[in-house]
Amino acid sequence: MSVATESVPIYLQWAILVGLVVASSVTLVAGYRVITGPTTPDRVVALDVIGTNVVAIALLFALETTEALFIDVSLVLAIIGFISTIAVARYVTEGDIIE
Amino acid sequence: MVGTIAAVVATALIVVGSFFLLVGTVGLLRLPDVYNRMHATSKATTLGAASMFLACAVFFGPQGESLTAVVGIVFLFLTAPTGAHMISRSAQKMGVEFAGGATWPGATDSTPEAPADADPEGSDAESAD
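Taken in sequence, the protein lines are chains A and B. The first sequence stops at residue 100 when you use our numbering, and every number in between is there. The second sequence stops at residue 133 when you use our numbering, and every number in between is there.
Source of the hints: derived by calculation from the structure; they are not laboratory data. C-beta atoms are modelled at their ideal positions from N, C-alpha and C, and glycine is treated no differently. Hints are supplied without guarantee of correctness; some may be wrong.
Claimed, not checked - Here are the computed distance ranges between Cβ atoms for each label pair:
no.	chain 1	residue 1	chain 2	residue 2	range
1	A	32	B	93	43 to 49 Å
2	B	23	A	40	34 to 40 Å
3	A	18	B	108	43 to 49 Å
As the list claims (entries may be wrong) - Which stretches of chain A does chain B cover? Using the computed rule of at least three CB atoms under 8 Å from a CB of chain B, they are:
no.	stretch
4	20-29
5	45-52
6	68-74
7	90-97
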């Protein structure tokens, strides 16, 4: 964190902090739709939104720590979110993922 | 380490990305229907995360790590409409209805209580009789 304090301007640090707060609170609020979604596709949509928000949180963390490794982390999270969305959609529709 | 122009552009991209994430979640909470919610989230949230990817690509410079961010943007723009299409197809096969009495195209005057996965041509022929 001390490295980031030296080399990153102060407005960028504040923007990263505000972005982290917004993305985290939005992820928590999307959990409301997961709990009280009227149907199962509502819950799947809300979980997809949570996955995309977690990707954004990982990117903001990469910016805050100036570690480019977390871009790879966010890419892997995006891949896992896509595959899980496809798997849940197929399971709801067909009753089976791989027949 | 990071130049002034790159820092300003990254700040603007972070602000835009946070705004679009907020808009996507407000649409997820406020809209009345699963299809409307998916329409809101699959555009706005994808655009917000892509803006964050672009901020990382600007911040980490032209060589090395920012290529991963560009690959992430391409991946997100390819997979988010595919996932939304799969969820909406499963919702249609489950029989989730539209809000406000709207119907599927092709079944012009079908009642809202009709099963949503009925054949559109078949129901159209039935309604024509």
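Okay, the hints, checked on the actual structure:
1. 32/A / 93/B: 43 to 49 Å: 25 Å, violated
2. 23/B / 40/A: 34 to 40 Å: Taking Cβ atoms as reference, residue 23/B and residue 40/A lie about 29 Å apart, which means the hint is violated.
3. 18/A / 108/B: 43 to 49 Å: For residue 108/B against residue 18/A, whose Cβ atoms are near 46 Å apart, the range 43 to 49 Å holds.
4. 20-29: It holds: at least three residues are needed, and the stretch 20-29 of chain A offers 4 whose Cβ sits within less than 8 Å of chain B.
5. 45-52: Per the Cβ count (5), the hint holds.
6. 68-74: Our answer is that it holds, as 3 residues pass the Cβ test (under 8 Å) against chain B, meeting three.
7. 90-97: holds (count 4)
In summary, the numbered hints that this structure violates are 1, 2.
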